[in-house]
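S.K.: Quick mapping for you: the protein sequence lines, in order, are chains A and B.
Using my numbering, the letters of the first sequence map in sequence onto residues 3 to 578.
Using my numbering, the letters of the second sequence map in sequence onto residues 42 to 609.
Please note: incorrect hints may appear among the correct ones.
What the hints assert, rightly or not - Not everything, but these chain A residues come out facing chain B in the computed CB check (under 8 Å):
1) D51
2) L64
3) L191
4) K209
5) L210
6) G476
7) T502
8) D505
9) I511
10) E514
11) H530
12) L532
13) N537
14) V550
15) K552
Unchecked claim - Computed list of lysine-lysine pairs in DSS-like fashion (alpha-carbon distance at most 27 Å, straight line):
16) B:K221 <-> A:K86
17) A:K218 <-> B:K498
18) A:K215 <-> B:K138
19) B:K138 <-> A:K190
20) A:K521 <-> A:K403
21) A:K237 <-> B:K56
22) B:K498 <-> A:K183
23) A:K86 <-> B:K265
24) A:K403 <-> B:K259
25) A:K218 <-> B:K56
26) A:K98 <-> B:K224
27) B:K258 <-> A:K386
28) B:K359 <-> A:K215
29) A:K215 <-> B:K450
30) A:K98 <-> B:K221
31) B:K260 <-> A:K115
32) B:K56 <-> A:K115
33) A:K86 <-> B:K450
34) B:K104 <-> A:K291
Just so you know, these hints were derived from the structure itself, not from any lab.
Beta carbons: idealized from backbone N, C-alpha and C, even for Gly.
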Amino acid sequence: MKHLSRLAFSEGKVPMLLILTSVLIGATIIAQSYYFVAIVEQTFLGEQDFQEVFPLLVGLLLVLAGRSLFTWLNGWIGISLASKAKRYFRQSIIEKFSRHPVQSSAQGQSGRKISVLMDSVDEIDGYFSSYVPQMIQTMVVPLMILIVVFTQHLYSGLIMLITAPFIPLFMAIIGVMTKKKSEDQMEKLNAFSGKFLDILQGLTTLKLFGRSKQQKEEIESSSLGFRDATMEVLKVAFVSSLMLEFISMLSIGLIALEIAIRLVVYESVSFFTAFFILILAPEFYLTLKDFGSAFHTGRGAAGAAGQLTAELERVEDEVEWGMDELEREGPPMISLNGVSFQYEEGFAIQPIYTKIPPYSQVAIVGRSGSGKSTLLHLMAGLVKPSAGKVIVNDRSLFEYKESEWFSQVSYISQDPYLFSGTVAENIAIGGSDGGHTRMEIQEAAEKAGVSELINSFQYGYDTPVGEAGRGLSGGEKQRLALARAFLKKPTVILFDEPTTGLDLRTERILQESMEELAKKATVMTVAHRLHTIQNADQILFLERGKLVGKGNHEELLQTVEEYRNMVTVQQGGGTA
Amino acid sequence: MKDLRDVIQLVVLEKRDIVRSILFGFLAGISAVGLFASSGYLISKAALIPPLYALTVLIAFLKLFGFARALGRYAERYYSHRATFTILSNLRLAFYKRLEPHAPRIFQKYRSGDLLSRIVGDVESLQNFFLRVYYPPVVLGIIFLATIVFTSIFSISVAVVLLLGLVITGLFIPAWYSVKQRKYAHRVREARGALSTEAAEFLYGYRDLRIYQQLAKKKEILLKTADDYLDEEERDGRQRLSNHSWNTFVTLIISWVVTGLGAFLVAEGDLNGLFLAMLVMISLTVFENAAPMAVLPSHLEDSKRASARLFSIVEKEKVDKGIWTLEDHQAPSIKMSGVYFRFPDDEREALREVTLSIPEGSKTAIVGASGSGKSTLMQLFMKFHTPSFGELSVNGVDIRKLSEESVWKNSNVVLQENHYFYGTIRQNLQLAGDILTDEEMEQALEEVGLRFDLGQKVLEKGENLSGGERQRLAIARAFLKGERLWLLDEPTSSVDALTERMIFEHLYQRAKGDTLVLISHQLNGLEKMDQIIVMEEGSVREAGTYHELIEKQGYFYEMKQIEQNIFS
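Please take these sequences and the hints and turn them into a complete structure.
M.R.: Take a look at the structure:
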C-alpha cells in the first residue's frame with residue numbers, strides 16, 4: 003500500500019490536478035444546489051416571471067455541464083494514473099525477469115511469474131483509477147460543503163460535523179467484523195467453491211468407477227453450502243451499508259427537523275437557506291459513503307501490490323558481462339577454477355577444479371539431484387558461481403561480451419522449447435544473427451534427420467509450431483534442437499542428454515549428430531548413456547554436489563568405488 | 042437472446058427470491074424518491090408556515106421513507122444475492138447433467154488442461170446474469186412507472202420529460218455504448234491473450250532465448266505487447282468513463298428541464314408553486330436508479346459469450362449409442378484389425394493400421410517411445426474414442442455396439458494421471474465399491490506398500506501425496522474393484538524398483554486368469570508377459586513374447602540395448 007501511494011504521488015502534478023478537479027466538482031455541486039434552490043425560490047415565493055429566472059436557468063445549465071465535465075476529467079486522470087502505474091510495474095517486472103539467472107526460471111516458478119505480471123498488475127488498477135481520486139474527493143468535497151453550510155446556518159453545520167465521523171467509524175468497525183467473519187467462513191468457502199472443479203476434473207475417474215451420476219447431489223449440496231457460507235459474510239456487509247444508510251439518513255433527518263422547526267416555529271431561517279442546506283446535506287453524506295466502496299477496492303489492491311513489491315525486491319545474483327572479444331578460431335580452452343554454487347536452501351556444489359581443452363568431450367555423471375544440471379549452467383555462464391571462476395582462454399568468462407560467448411555456444415536440453423513461429427524460424431533461432439537462407443536451414447534439418455518429418459507437414463518449413471501451432475513429440479523436438487545446433491555451428495556444446503522415452507530413430511540420429519557436431523566443438527554432456535560416458539575424454543563424477551571422481555571411464559572404474567558400483571548395477575540389469 | 046435461453050430458464054426457477062428482489066428493490070427505490078419528494082414538499086410547505094401538526098405528519102413521512110429505503114435496500118441485496126447463488130447452483134447442476142454423458146470423450150477432444158477451469162469460470166460469470174442483467178431493468182421500469190404516474194398528477198409535461206429521460210439513459214445510451222464496448226472488450230481480450238502468450242514464451246523459453254541471444258529482442262516484443270494491452274485497456278476504460286459521464290450529464294439535463302419547465306408552468310399559473318421543489322427533488326433522485334443500466338451492457342455481453350461457449354461445448358457431441366453389455370465377471374478378449382485413428386483437429390494419424398489380438402486371460406505389455414500411440418491404443422480399448430477406420434471388437438462384439446458404461450464397469454483402470462477427491466483415503470478407495478470393508482482396503486494398501494491410515498486426509502487432486510503414492514493409491518483402487526479386465530497405463534513409473542516388484546507380484550496374483558494390458562515405461566520385467574506389442578509412430582512394429590523378440594534381434598532388442606545403456 004505504501005509503495006502504491008508513493009507511486010501515485012510521486013509526481014506533484016497528478017495529485018494537484020486531482021485536487022483541482024475535486025475542488026471544481028465540489029464547487030459545481032454547491033453551485034448546482036444554489037441554482038436549483040434559487041430558481042425554485044424565485045418562482046415559488048418570489049412569484050417572478052419566467053424571463054427573470056431565465057438567467058438562473060442558463061447558469062444552472064452551465065454548472066451541470068461543468069459538473070459532468072469535471073467528473074469526467076477526474077475519472078480520466080484516474081485512468082491515466084492507473085495506466086502509468088501499471089506500465090511502470092509491468093516494465094520493471096519484465097526488466098527484472100530479463101535479468102534473472104537461469105536457475106530461477108524453472109518451470110514451477112514460471113506460472114506464478116506470469117500471474118504476477120498479468121493478474122497482480124491488473125489488480126492494482128482500482129487503487130489508482132478509483133481509490134486515489136475518490137480519496138481526494140472525499141477530502142475536498144465534504145469540506146467545501148461543510149464550509150458553505152456553516153456560512154448559511156451554524157447549527158446544521160454543527161450537526162454535520164458531529165455526525166460525519168460516525169460514517170468512517172462504522173466503516174472501520176464493520177470492516178473488522180466482516181474480516182473476522184470471512185476468516186471464519188474461509189475454510190468452508192474454499193472447500194465448497196473448489197468442489198465443482200474437483201468433480202469436473204475427476205469426471206474421468208468417476209465415470210470409470212460408474213460414480214458420475216451420484217455427483218449431482220454433491221454439486222448441489224456444495225453449491226448451496228457455498229451460498230449459505232457466502233451469505234453469512236455478505237449479510238454482515240449488507241448490514242454495514244444498512245447502518246451507514248441509517249446514520250446518514252438520521253443525520254439528514256436531524257438537519258431537516260432542526261431546519262423545519264427553525265423555519266416554522268422560530269422563523270429564524272429563510273426558505274432559501276433551508277432548502278439549500280436540505281439539498282446539500284445528502285451530497286455531503288453521499289461523498290463520504292462513496293469513499294467506503296472505493297476503500298474496499300483500494301484494500302483489494304494491497305495484496306496484489308505486496309506480491310509485486312516482493313517480486314521486484316527479490317534479490318537474485320545477476321550475471322554481469324564484460325566487454326572483451328573472444329577468439330573465434332576453434333573452441334576455447336576452458337577451466338573451472340574452484341567454481342562452487344550455494345543453492346537457496348540445502349546443499350551446495352563444492353569447489354570444482356578442472357581443465358577442459360579444446361575439442362575434448364566431458365561427461366558429467368551422477369545420480370539425480372547431485373548437481374549435474376547446475377554444473378552445466380555454471381559452465382554455460384547462465385548462473386553466477388558463488389565463488390571461483392570459469393576461465394575461458396586465460397580470462398574470466400564474465401570479462402567477455404555476452405554476445406561473444408553465446409554466439410559460440412549451443413545448449414541442447416532434455417526438453418527443448420519451441421517458440422510460436424514457423425519450423426524455419428524455430429531452427430533459425432540457432433543462428434547468430436538470424437540471416438540464414440532457406441537453403442542453410444534445410445541443410446541443417448537434413449543433418450538432424452528432421453527434414454523428412456518437416457516435408458510431411460502440409461506447409462513444410464512454414465508450418466506453425468509452438469504454443470499456437472502443432473505439437474511435436476519429444477523426439478521431434480530433440481531433433482529440431484539438433485538442427486538449431488547444426489545451423490549455428492558452435493564451438494562449445496552443452497548437452498543435457500535425454501533419459502528415456504525416445505524412439506530408436508531419434509536415439510540413432512542423436513548419437514550420430516553429436517559425433518558429427520563434436521568434430522568442431524568441445525562437448526560437455528550431462529550423460530545418461532553408457533557409450534557417451536565411455537567415449538568421454540574426461541568424466542566429472544558428482545555426488546551430492548561434490549566432485550568425487552575425475553578421469554576417463556577406465557580410470558574411474560579403478561579408482562572410485564561409487565562409480566564402479568553405479569556402472570556395475572546398471573550393467574547387471576539395473577532395476578530388474 | 043438465443044444464447045441465453047437456457048440460462049433464463051434456469052434463472053426463473055427461483056421465482057420466490059426473484060419476486061422478493063424486485064419487490065424490495067422497488068420499495069427501496071421508490072422510498073428514496075418519496076423521501077426526497079416529501080422533503081422538497083415539506084420545506085415548501087414550511088415556507089408557507091402551516092400549523093405545526095402538518096409538519097409533524099410530514100416529518101413522520103420523511104422518517105418512514107428513510108427507514109423503508111434503508112431496509113428495502115438491505116432486503117433487496119439479501120434476496121438478490123441469495124437468488125444469485127442458488128442460480129449458480131442450478132447452473133452448475135444443469136451444466137453437469139449435460140456434460141456428464143459426454144465425459145471423458147469430451148476431455149480428450151480439448152486436450153488443453155484449462156478447459157475445465159474455463160468451464161468453471163464461465164459458469165461463475167453467468168451468476169452475474171441475474172444480478173446485473175435480469176432484474177435491474179425490471180426494478181427500474183416499475184420505479185419509473187410509479188414515479189411518472191405520481192408526477193402526472195401534478196404535471197403531465199413533467200411526467201413526459203421524465204419518461205423521455207428514462208428512454209435516453211436507460212435505453213439509448215446503454216445500447217449505443219454496448220455496441221462500441223463490444224469491439225473494445227474484444228480487443229482488450231485479444232491483447233491480454235497476446236501478452237500472456239508472450240510472457241509464457243519469455244519465461245518458459247528463457248534459457249534458450251538467452252543462449253541464442255534473442256532475449257533483448259524478445260524483451261522488446263514483450264514490452265510492446267504489454268504496452269498494447271495497456272493501451273487497449275486504457276481505451277476501454279475511457280470508453281466506460283465517457284459512457285458513465287454522458288449518462289450522468291443527461292440525467293442532470295433532465296432535472297434541468299424539469300426545473301425550467303416547472304418554473305415556466307408555475308409562472309404561467311399551470312402549476313402550484315408548492316410542488317415545484319418536490320418535482321425538482323424527484324427528478325434529481327429517480328435517476329439514481331438508472332445507474333445499474335450503465336454496467337448492464339458489458340455484463341450482458343459477458344453472459345452471452347459465456348453461455349454460448351458453455352453450451353457449444355456439449356451441443357455437437359454424440360451420445361454413446363452402444364446398448365450391448367459385456368458379461369460380468371468374465372475375462373474378455375480384445376481384437377483389432379486395420380485400425381486407424383486420428384484425433385479431431387489433428388492432421389496426423391495417431392494410429393495406423395493396427396492389428397492385434399489380446400486373448401482372454403492373457404497378459405499383454407505395450408511398449409514404445411513417448412508419442413508412439415500406446416496411450417491412444419488404451420483409450421480405444423476403453424471406448425474413450427472409436428476407431429476412425431477398421432475393426433475393434435471385445436469378446437467378438439464391435440465396440441461401437443457395446444455400451445461404454447459396460448466396458449468401464451468391467452475393467453480396472455489405472456491411468457497416467459488419476460484423480461483423487463478432497464476427502465479421506467477411505468472415501469477415495471470406496472469409489473471402487475460401497476461394501477468394501479476396512480480390512481479389504483487395508484489389505485490393498487499393504488499390497489501396494491502404502492502405510493496409510495484409512496481416515497487420513499486427501500487434499501484436492503491428491504496434492505498432499507507424492508507422485509509415487511498417488512500411483513500406488515490408484516493401483517490399490519484397481520485392486521479393490523476386482524474386475525476381470527486390467528488396463529494399466531504406466532502405473533508404476535514413479536515407484537521405486539523394489540516396491541514395483543512387490544506390487545507386480547500382487548498384481549499377477551490378483552489378475553490370475555484375467556485379461557491384462559499393461560503399458561510399460563521400461564522393458565525390464567516383461568519376461569512373464571504372454572505378449573509384448575512394440576509400437577512405433579502409431580503402428581505395431583513388432584509383437585511376440587519377450588524371448589521371441591530378443592531372439593529376433595529387432596526393434597525391441599535394440600530398445601533393450603539402449604535401455605541398458607541408460608543411467609537415470
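S.K.: It remains to establish, for every hint, whether it holds in the given structure.
M.R.: Right, here's what the structure says about each hint:
no.: 1; hint: D51; result: holds, 6 Å
no.: 2; hint: L64; result: violated, 10 Å
no.: 3; hint: L191; result: violated, 12 Å
no.: 4; hint: K209; result: holds, 6 Å
no.: 5; hint: L210; result: holds, 5 Å
no.: 6; hint: G476; result: holds, 5 Å
no.: 7; hint: T502; result: holds, 6 Å
no.: 8; hint: D505; result: holds, 4 Å
no.: 9; hint: I511; result: violated, 13 Å
no.: 10; hint: E514; result: violated, 14 Å
no.: 11; hint: H530; result: holds, 5 Å
no.: 12; hint: L532; result: holds, 4 Å
no.: 13; hint: N537; result: violated, 12 Å
no.: 14; hint: V550; result: violated, 16 Å
no.: 15; hint: K552; result: violated, 18 Å
no.: 16; hint: B:K221 <-> A:K86; result: holds, 25 Å
no.: 17; hint: A:K218 <-> B:K498; result: holds, 23 Å
no.: 18; hint: A:K215 <-> B:K138; result: holds, 8 Å
no.: 19; hint: B:K138 <-> A:K190; result: holds, 25 Å
no.: 20; hint: A:K521 <-> A:K403; result: holds, 26 Å
no.: 21; hint: A:K237 <-> B:K56; result: holds, 21 Å
no.: 22; hint: B:K498 <-> A:K183; result: holds, 26 Å
no.: 23; hint: A:K86 <-> B:K265; result: holds, 15 Å
no.: 24; hint: A:K403 <-> B:K259; result: holds, 19 Å
no.: 25; hint: A:K218 <-> B:K56; result: holds, 22 Å
no.: 26; hint: A:K98 <-> B:K224; result: violated, 34 Å
no.: 27; hint: B:K258 <-> A:K386; result: holds, 23 Å
no.: 28; hint: B:K359 <-> A:K215; result: holds, 18 Å
no.: 29; hint: A:K215 <-> B:K450; result: holds, 14 Å
no.: 30; hint: A:K98 <-> B:K221; result: violated, 37 Å
no.: 31; hint: B:K260 <-> A:K115; result: holds, 15 Å
no.: 32; hint: B:K56 <-> A:K115; result: violated, 45 Å
no.: 33; hint: A:K86 <-> B:K450; result: violated, 59 Å
no.: 34; hint: B:K104 <-> A:K291; result: holds, 20 Å
When the structure is compared with the earlier hints, violations turn up for hints 2, 3, 9, 10, 13, 14, 15, 26, 30, 32, 33 and for no others.
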